[in-house]
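Trainee: Got two chains here, each in a separate frame; can you build the complex from them with the hints?
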Amino acid sequence: MTPILAESAAPRSRTQRQSILKRIMATPAGAILLVFVTLQIVCIAGALLYPDDFRYLSPQNLTILMKAVPVLGSLALGAGVLMIAGEFDLSVGSVYTFTAVLMASLVGAGLSAFLAAPLGILAGVLIGLLNGQITLRFGLPSFIVTLGGLLFWRGAVLLYNGAVQVRFDPESAFTSLFSGTLFGINAAFIWIVLFVIGFHFLLHRHRFGNHVFATGGNRGAAEAIGIDTNRVKLIAFAIAGGMAAVAGILATARVGSVQPGQGAGLELQAIAACVIGGLSLRGGRGSIVGVFLGVLLIHTITDVLLLLRAPGFYLDMFIATLIVLAAIFNHLIERRGLA
Amino acid sequence: MSHLLELHNISKSFGALTALRNLSFHIGEGEVVGLLGDNGAGKSTTVNLISGIHKPTDGYLTVDGRKTAFTCRSDSAEAGIETIYQHTALVDSLSITRNIFMGRELTDRFGFLRQREMRDIAMEVLQNAVHISGIDSPDTLVGNLSGGQKQAVAIARAVHFKKRVLLLDEPTSALSVRETEALLNQVLKLKAENVSSVLVTHNIYHAYQVCDRFVIMSHGTKVFDVAKADTTISQLTDYVVLT
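Line by line, the protein sequences give chains A and B.
Going by the working numbering, the first sequence opens with residue 2, and the numbers climb by one from there.
Going by the working numbering, the second sequence opens with residue 3, and the numbers climb by one from there.
Only chain B is shown next, with the shape it has when bound in the complex (with noise of 0.2 Å):
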C-alpha cells in the first residue's frame, strides 16, 4: 500500500555536515504526525526537503507511490503540500484576501483582478473553513492581525487551494494559549476533512493533543516511529531527552 508521502532513506549533507542520515518515515492520507526532536535534530532540513527548498543528497521522496523529485516550492505545492512558516508566507501591507490569492490570483483574460470573487471566496473560507476569532472582514490588513490569526490566514490558503498535507512548523510557539487551542482544533477539522498535517515541533504536549503517531528524530535520524495508542507523554518525553 502506497502512502500519500513518503521518506525512503533519505540523507543530507551540507559539505562536511551530515543533517540527515538514512531518514524513512510516511504521512498517510487524513493523518497527523508529529515530527519531535531537541534542536538541532535535524527537523527543520526535514521540513526544507519535503517542501522542495533542499534536495536529498541521497534517498528520494514518494507522492501517492510515485517517485518525485521536487526542486522547488512550486513543485511541492504542486503535489499539494503546503508549509507553514511562522513568519515569512505573508504580507503586511495587503489585505487577507490578496495575502489568500497572492500568486495565485482570479483574473480576467487581461490580468485584471476579479476583486469581488476572490473577496467573497476568502470571507466564505475565513467563515467556514477557518475559524479565526476577532476578523471580521477579508479587506483587514494582514499586518493588524495577531501571530494566531496570520497563521490561520496562512491555512486558510491551503485549505481554499485544495492541499493535502500541511507542514506547520514551529505552529505554537509565538501563540497564546488561547491562539493554541484555535490552531490544535484547527487541524483536527481538516483532518476531518482528510487532510493531512505535520506538526514539527518540540512542545510535546501541544502535540500529543493532536497527533495520531509521533517521528522522533535525533542527530539526523529517526529514533522512534510509535502511534498514539502504544506511547505515553513520559515515554516520547525520555526519546527526545535521551536519544
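Chain A with its partners taken away, still in its complex shape (with noise of 0.2 Å):
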C-alpha cells in the first residue's frame, strides 16, 4: 500500500505546484507580477551584495523612483479604461502638457492653485470628450482623431504660452499635498496608489467597468443586451483626458515648472505600460494592476539602466523589446482563450 500511496502522493503535489503557476498565470495580471517580482528580487539582492556599485536600495534612489512613477501612472490609467472600452488615446501626452500649462498660468495670474487643477482636470475632461464625440459621431477610429488631437494640442500649447516655460508658484499648502511627504513617502506616489485603488474598484467591481469591458469585449453583444456603448465610450474618452490632466498637475507641482515640449512621447509610453500590464489592443481585457505593474515595470528598467551607468538608447531598445514580447504574449494568451 505504502509505495502506491507515495506514488500517488508524488505527482499530486507537481500538479499542484503547476496548477498554482497556472493559476497565477492565468488571472489578468499574473505573468506581469511574475515578471515584476522577479526583477525586483534581482535588483534587492544586486544592490545587497553590491551596495557601492549597485545603489537601488539607497533612499534617494527610491525617492527617485516614488517620483517618477506617479505621471506616468496617471497618464496610463486613464489610457488603459480607454484601451479596454476598445478606443486609443494618441493625444493624452499633449493633454498633459496643455492642462499643465493651462493651470500654471492660471496660478500666475492670481487664480488659486486649488481651483486652477480642478480647472485643468476640467479642460482634460473637455477635450476627452471631444475627442470622444469626433470619433464616435463619426464612426472614426480612435487613432486618427487623437493623433490629430496630438498635433493640435502640442500646437495650442505654442499658440496660448510661446515656447518659454511656465513658472508655477502655488500656496505651499498646494506643493506639500501634491509633492510632499507623508512617513517619508512622496505624496504623490500616495496619490497615485489612491487612484490605482480607486480605477481598480470602478473597473474591477462597478456596474461601470463591467460595462467597459463589454462594450470593448464585444460592442455588438453588449449593445444586444441594452448597454450604451456610446456613453461607455465617450466617459472612458473624457477619463483618459482627466487623468491626464491629473499627471499634469502632479508633475508641475513635484517641478515648480512647465516646459511646452514636456508631454512627447509619453502617450506612446502610457500605451506601452499598458500593453505590458496585459492589456489588449483590441480592447476587453486587462486589469488596473496589470497597467499600474506596466508603469512600475517601466520605471523600474529605466532606474536599472541609470544606475548600471548605461547609455540612454538602451533603455528605448529594452523598453521596446518588453513591449514587443508583452505583445507577444498577451496574443498567446487571446489565442488560448479563444480556442
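Just so you know, the hints here were simulated from the structure itself, not pulled from any lab data.
Incorrect hints may appear among the rest.
As the list claims (entries may be wrong) - Coverage of chain B stretches by chain A, computed from C-beta distances (three or more under 8 Å per stretch; other residues unrestricted):
#1 34 to 44
#2 173 to 187
#3 205 to 219
Stated by the list, open to error - Label-pair restraints from in silico Cβ distances:
#4 A:Gly227 - B:Arg68: 35 to 45 Å
#5 A:Asp317 - B:Glu183: 31 to 41 Å
#6 B:Glu119 - A:Phe184: 50 to 60 Å
#7 B:Asp77 - A:Thr182: 40 to 50 Å
#8 B:Asn41 - A:Phe153: 48 to 58 Å
#9 A:Phe319 - B:Asn41: 18 to 28 Å
#10 B:Gly30 - A:Leu326: 55 to 65 Å
Glycine residues also receive a C-beta, built at the ideal position from the N, C-alpha and C atoms.
Mentor: See the structure below:
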C-alpha cells in the first residue's frame, strides 16, 4: 500500500505546483506580476551584494523612483480604461502639457492653485469628450482622431504660451499636498496608489467597469443586451483626458514649472505600460493592477539602466523589446482563450 | 383565445425588395415551434422582426393578445422574448457570471457589484436550470467554452431572467452531435417549465426531434403550418424543397 500512496502523492503535489503557477498566469496581471517580482528580487539581491556599485536600495534612488511613477501612472490609468473600452488616445501627452500650462498660467495670473487644478482637470475632461464625440459621431478610428489631437494640442500650447517655460508658484499647502512627503513616502506616489485603488474598484467591482469590459470585448453583444456603448466609450474618453490633466498637476507640482515640450512621447509610453500590463489592443481585456505594474516595470528598468550607467539608447531598446514580448504573450493568451 | 405571441399579416420591405409578405403565425404558451425554410425564405428577417431589430412595413404583433410595436431589442426583451444568436450574444473576455448578468448587474445603491450573490445565482442556474457538461466554475471565461457551452450560457441567461420565448437562430449549425443533443434536450426541459421556443433552422431532423408544430416559409411567406402529429419528415422536406 505504502509505495502506491507515495507514488500517487508525488504527482499530485507536482500538478498542484503547476496549477498554482497556472492560476497566477491565468489571472489578468499574473504574468506581469511574476516578471515584476522576479526583477525586484534580482535588483534587491544585487543591491545587497554590491551596495556600493548598485545603489538600488539607497533612499535617494527610492525617492527618485517614487517621484517618477505617478506621472506616467496617471496617464496610463486613463489611457488603459479607454483601451479596455476598445479605443486609443494618442493625445494624452499633449493634453498633459496643455492642461499643465493652462493651470500654471492661471496660477501665475493670481488664481488659487486649488481652483486652477480642477479647471485643468475640467479642460482635460472636455478635450477627452471632444475626442470621443468626433470618434463616435463620425465612426472614425480613435487612433486617427487622437493623432490629430496630439498635434493640435501640442500646437495649442505654443499658440497659447509660446515656446517658453511657465513657472508654477502655488500656495505652499498645494505643493505639500501633491509633492510633499507623508511618513517618508512621496505624496504624489500616495495619490497614484489611491487612484489605482479607485480605478480598480471602478473597473473590476462596479457596474460601469463591467460595461467597459463588455463594450471593448464585444460591442455587438453589449448593445444587444441594452448597454449604451457610445456612452461608455465617451466616459472612458473623458477619463483619459481627465487623468492626463492629473498627470500634469502631479508633474508641475513636483518640478515647479512646465516645459512646453515635456509631454512628447509620453502617450506612447502610457500605451506601452498598458500593453506590458496585459491589456489587449483590441479591447476588453486587462486589469488596473496590470497597468500599474507595467508602469512600475518601465520605471524600474529605466532606473536600473541609469544605475548601471548604461547609455540612453539602451533604455529605448529595452522598453521596445519588452513591449513586443508582452504583445506576443498577450496574443498567445488571447488565442488560447478563443480556442 | 389569445396566444403568447402572434404575427398578423406582417409584411416587410427593404426598398424594392419584399422580404416578408402577409406572414401570420402564432406561438403558444409552452410550445416549441420549428420555423423552417430554405435560405432566403425570410427566416432571419422574421427573427429580427420578433426581436425588435426590424419594424414591420405592414401588419402587427400581439403579445398575450395585446397589440405591440417593438422598436428595439430591449422592447422585446421586456416582453419576455430572448433571441439567442450563434456568436454575437456573449463577451469572450468576461466570466460566465459576468456574461449572465451583463447589462443587468446586481449592485448596491452606489453601483458596486454584488459579486458573491451573482456568482451564487450563476452557479445555481448552471447546475440546475441548464446542464452544461464540462463547466466546473462560473468564473470560467466564456472565450474558453465550446460553441455548445456558449449557447448554454446564453440560454442560462434567458432562463434566469424568466424569459417566456426563446428565439434560437440556427442553434445547431456550429455544434457537435453531443452538444446538439444537449441543446435539444434543453429546449424540451424548458418546455416542461412552460417556456416556449422557436427553433429557426434548416435542419429538419433536429426540428422534428423537439418541435410540436412546424411553420414552413418560402419566398417571404408561410406555406405550411402543421402540428407534428399530422405530418412526417418527408412531407416537411417536400414543403421546404419544393415550394
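Trainee: Does each hint fit the structure? Answer for all of them.
Mentor: Now the hints, each set against the structure:
1. Against chain A, the stretch 34 to 44 of chain B contributes 0 residues with a C-beta closer than 8 Å to a partner C-beta. That does not satisfy the three-residue criterion, and the hint is violated.
2. Counting residues of the stretch 173 to 187 of chain B whose CB lies closer than 8 Å to any CB of chain A gives 0, which falls below the minimum of 3, so the coverage claim is violated.
3. Here the stretch 205 to 219 of chain B counts 0 residues with a CB under 8 Å from a CB of chain A, which misses the bar of 3, and the coverage is violated.
4. Taking 35 to 45 Å as the suggested C-beta distance range, the pair glycine 227 (chain A) and arginine 68 (chain B) does not conform, at roughly 22 Å.
5. For aspartate 317 (chain A) and glutamate 183 (chain B), the Cβ-Cβ distance of about 57 Å falls outside the hinted range of 31 to 41 Å, so the restraint is violated.
6. In this structure the supplied range 50 to 60 Å is violated for glutamate 119 (chain B) paired with phenylalanine 184 (chain A), their Cβ-Cβ distance being about 38 Å.
7. Evaluation of the 40 to 50 Å hint for aspartate 77 (chain B) and threonine 182 (chain A) yields a failure: the beta carbon distance comes to about 58 Å.
8. At about 50 Å, the CB distance of asparagine 41 (chain B) to phenylalanine 153 (chain A) agrees with the hint of 48 to 58 Å.
9. For the pair phenylalanine 319 (chain A) and asparagine 41 (chain B), the supplied restraint of 18 to 28 Å is violated, since their beta-carbon distance comes to about 56 Å.
10. As the Cβ distance of glycine 30 (chain B) to leucine 326 (chain A) is approximately 59 Å, the hint placing it in 55 to 65 Å holds.
Hints 1, 2, 3, 4, 5, 6, 7 and 9, counting from the list given before, are not met by this structure.
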